[in-house]
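Novice: As a plain string of letters, each chain reads:
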Amino acid sequence: MGDRQLPCGNRPIRLIAAAVCLLALSACGNIEPWVKPYERQNLADPVMAFDLNPISTSYMDHVFEAREGARGALGGGGGGCGCN
Amino acid sequence: MFTAIRALGLLLLALIAAPSLAGVLPEDRADLLYHRYEGGGVTIHGPSLLVRKTMAEKYSVSANYYMDMVTSASIDVEVSGASEYKEERDQYTLGFDYLRGKTTYSINYSNSEENDYEANTASFNISQDLFGDLTTISMGFSKGDDTVQRTIEDPDNPDVRIVDPSFREGIDRWSYRVGVSQIITRNSIAALGLEVITDEGYLNNPYRSFRYVDPEDDTNYRLATEIYPRTRTSNAASLNGRYFLPWRAAVFGGYRFFTDTWGIDANTYEVGYIHPWKSTGWTFEASLRYYNQGNADFYSDLFPRVDYQNFMGRDKELSTFASQTLHVGATYEFARGGWKFIKKGTLNLYYDRMEFDYEDYRDARDTSLVAGTEPFYSFGANVIQAFVSVWF
Numbered sequence: 001m002g003d004r005q006l007p008c009g010n011r012p013i014r015l016i017a018a019a020v021c022l023l024a025l026s027a028c029g030n031i032e033p034w035v036k037p038y039e040r041q042n043l044a045d046p047v048m049a050f051d052l053n054p055i056s057t058s059y060m061d062h063v064f065e066a067r068e069g070a071r072g073a074l075g076g077g078g079g080g081c082g083c084n
Numbered sequence: 001m002f003t004a005i006r007a008l009g010l011l012l013l014a015l016i017a018a019p020s021l022a023g024v025l026p027e028d029r030a031d032l033l034y035h036r037y038e039g040g041g042v043t044i045h046g047p048s049l050l051v052r053k054t055m056a057e058k059y060s061v062s063a064n065y066y067m068d069m070v071t072s073a074s075i076d077v078e079v080s081g082a083s084e085y086k087e088e089r090d091q092y093t094l095g096f097d098y099l100r101g102k103t104t105y106s107i108n109y110s111n112s113e114e115n116d117y118e119a120n121t122a123s124f125n126i127s128q129d130l131f132g133d134l135t136t137i138s139m140g141f142s143k144g145d146d147t148v149q150r151t152i153e154d155p156d157n158p159d160v161r162i163v164d165p166s167f168r169e170g171i172d173r174w175s176y177r178v179g180v181s182q183i184i185t186r187n188s189i190a191a192l193g194l195e196v197i198t199d200e201g202y203l204n205n206p207y208r209s210f211r212y213v214d215p216e217d218d219t220n221y222r223l224a225t226e227i228y229p230r231t232r233t234s235n236a237a238s239l240n241g242r243y244f245l246p247w248r249a250a251v252f253g254g255y256r257f258f259t260d261t262w263g264i265d266a267n268t269y270e271v272g273y274i275h276p277w278k279s280t281g282w283t284f285e286a287s288l289r290y291y292n293q294g295n296a297d298f299y300s301d302l303f304p305r306v307d308y309q310n311f312m313g314r315d316k317e318l319s320t321f322a323s324q325t326l327h328v329g330a331t332y333e334f335a336r337g338g339w340k341f342i343k344k345g346t347l348n349l350y351y352d353r354m355e356f357d358y359e360d361y362r363d364a365r366d367t368s369l370v371a372g373t374e375p376f377y378s379f380g381a382n383v384i385q386a387f388v389s390v391w392f
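If you're matching them up, the sequences are chains E and V in order. Numbering follows UniProt numbering, in which position 34 of the first sequence is assigned residue number 34; successive positions increment by one, without gaps. Numbering follows UniProt numbering, in which position 219 of the second sequence is assigned residue number 219; successive positions increment by one, without gaps.
Read the hints as simulated data drawn from the structure, not as lab findings. Any given hint could be a false lead.
[Unchecked claim] Pulled from the structure, derived: some chain V residues nowhere near chain E, Cβ distances all over 12 Å:
#1 D199
#2 D218
#3 Y299
#4 L302
[To be verified] Quick list of simulated restraints, FRET-style, between CB atoms:
#5 D154(V) - D61(E): 16 to 26 Å
#6 D61(E) - V306(V): 13 to 23 Å
#7 V51(V) - D61(E): 33 to 43 Å
#8 D61(E) - F141(V): 33 to 43 Å
Heads up, the beta-carbon is just placed ideally off N, CA and C, and yes, glycines get one too.
Can you build the whole structure from these sequences, using the hints too?
Specialist: See below:
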């Protein structure tokens with residue numbers, strides 16, 4: 001559902017272009033970082049961690065997932081429901 | 001689906017081609033958590049233990065045990081005429097990470113068991129630091145295999161429930177994930193996540209019913225077993241960010257959009273603040289989360305007749321509703337200078353207050369009212385997490 005049907009002829013070109021772009025990006029691994037390693041002490045502070053306490057994050061993800069229709073893009077684990 | 005697989009394939013190609021130096025594995029730590037959820041006639045509590053250890057600076061193993069002890073007399077149980085029930089869920093997860101240069105390969109296996117439900121999930125993830133470690137890209141795949149059963153009254157002893165030997169169904173689950181986290185400035189970081197999940201099999205809850213109008217009945221309605229589609233594919237995209245404030249604190253926020261082939265569209269918004277209190281070892285945090293969703297195409301609180309359409313469901317999780325969650329938390333850090341083999345430890349207490357307001361799910365427990373005129377259901381829940389963490 002929601003997939004647009006593109007002309008078949010365009011697909012290989014789009015795929016190759018995307019692959020070339022990604023490979024080109026990956027070849028830039030030595031790019032000059034605009035935030036230098038010695039400027040990252042604030043980013044390394046625990047208050048900046050997306051997942052400071054994984055045991056708590058996965059628990060709350062489960063609490064929400066059992067009671068809501070939405071799921072995914074959270075990084076949490078799977079499992080049963082126990083929610084009837 | 002194929003678009004997602006193709007995108008993941010291309011990303012894998014890029015990862016393999018990327019130059020490698022050295023990345024980092026998660027820290028060695030152990031967490032012991034007690035969790036308690038109470039609301040809507042349901043109490044779920046239990047422990048969770050998570051241990052992670054690095055070996056030879058390039059391998060990391062993790063193990064998690066998680067338990068839910070459930071006592072439920074929820075609105076679903078009451079409307080169906082059943083009595084309060086108790087059950088237990090045990091979940092074991094094992095993980096293994098391998099760091100090679102700037103690439104981390106991870107595999108996970110999880111088993112979850114209840115008396116009437118078993119879930120097994122295997123996951124593979126790969127992540128790579130790029131552009132002088134300003135960017136981390138990751139991708140993952142999971143395959144789940146669930147077995148759905150149901151309990152019935154023991155014909156020989158009505159006080160005992162047994163697993164129905166005539167009912168056994170399965171679910172196959174696939175999940176595809178892509179993520180990018182990006183350092184934007186020396187004080188800000190953002191993360192983008194995409195996930196496609198496809199399920200196939202018995203997706204009903206075997207204990208739940210839909211209701212339909214029956215003028216002959218005293219309550220004007222009857223109940224019948226729900227009929228769900230046997231497939232579901234969902235797409236979710238999330239964007240999260242954090243900003244470091246000059247007085248050593250951080251604000252954070254996030255948004256997630258969700259849509260699926262059942263017609264559910266949902267939005268999740270979250271904002272929060274975390275603040276270490278001077279050098280006392282205390283850290284305080286608070287956040288607000290708002291969630292809303294539109295109902296599934298086959299959801300109705302009250303169907304006009306028993307054979308109204310092919311698929312019919314009345315799960316409140318499929319209805320139109322909104323929920324708000326207020327989170328507050330306090331953390332105290334101990335053994336900050338290290339103690340024996342411990343580098344540091346924290347004591348944590350988190351409290352969440354959740355409010356659910358349904359817009360097309362009625363409170364059918366009041367049978368004195370004509371079906372379809374009952375007030376809309378709402379409930380609140382309290383969630384407590386108390387845990388201790390040690391780094392070693």
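Novice: Determine for every hint whether it applies to the structure shown.
Specialist: Hint check results:
no.	hint	result
1	D199	violated, 10 Å
2	D218	holds, 26 Å
3	Y299	violated, 9 Å
4	L302	holds, 19 Å
5	D154(V) - D61(E): 16 to 26 Å	violated, 36 Å
6	D61(E) - V306(V): 13 to 23 Å	violated, 37 Å
7	V51(V) - D61(E): 33 to 43 Å	violated, 20 Å
8	D61(E) - F141(V): 33 to 43 Å	violated, 18 Å
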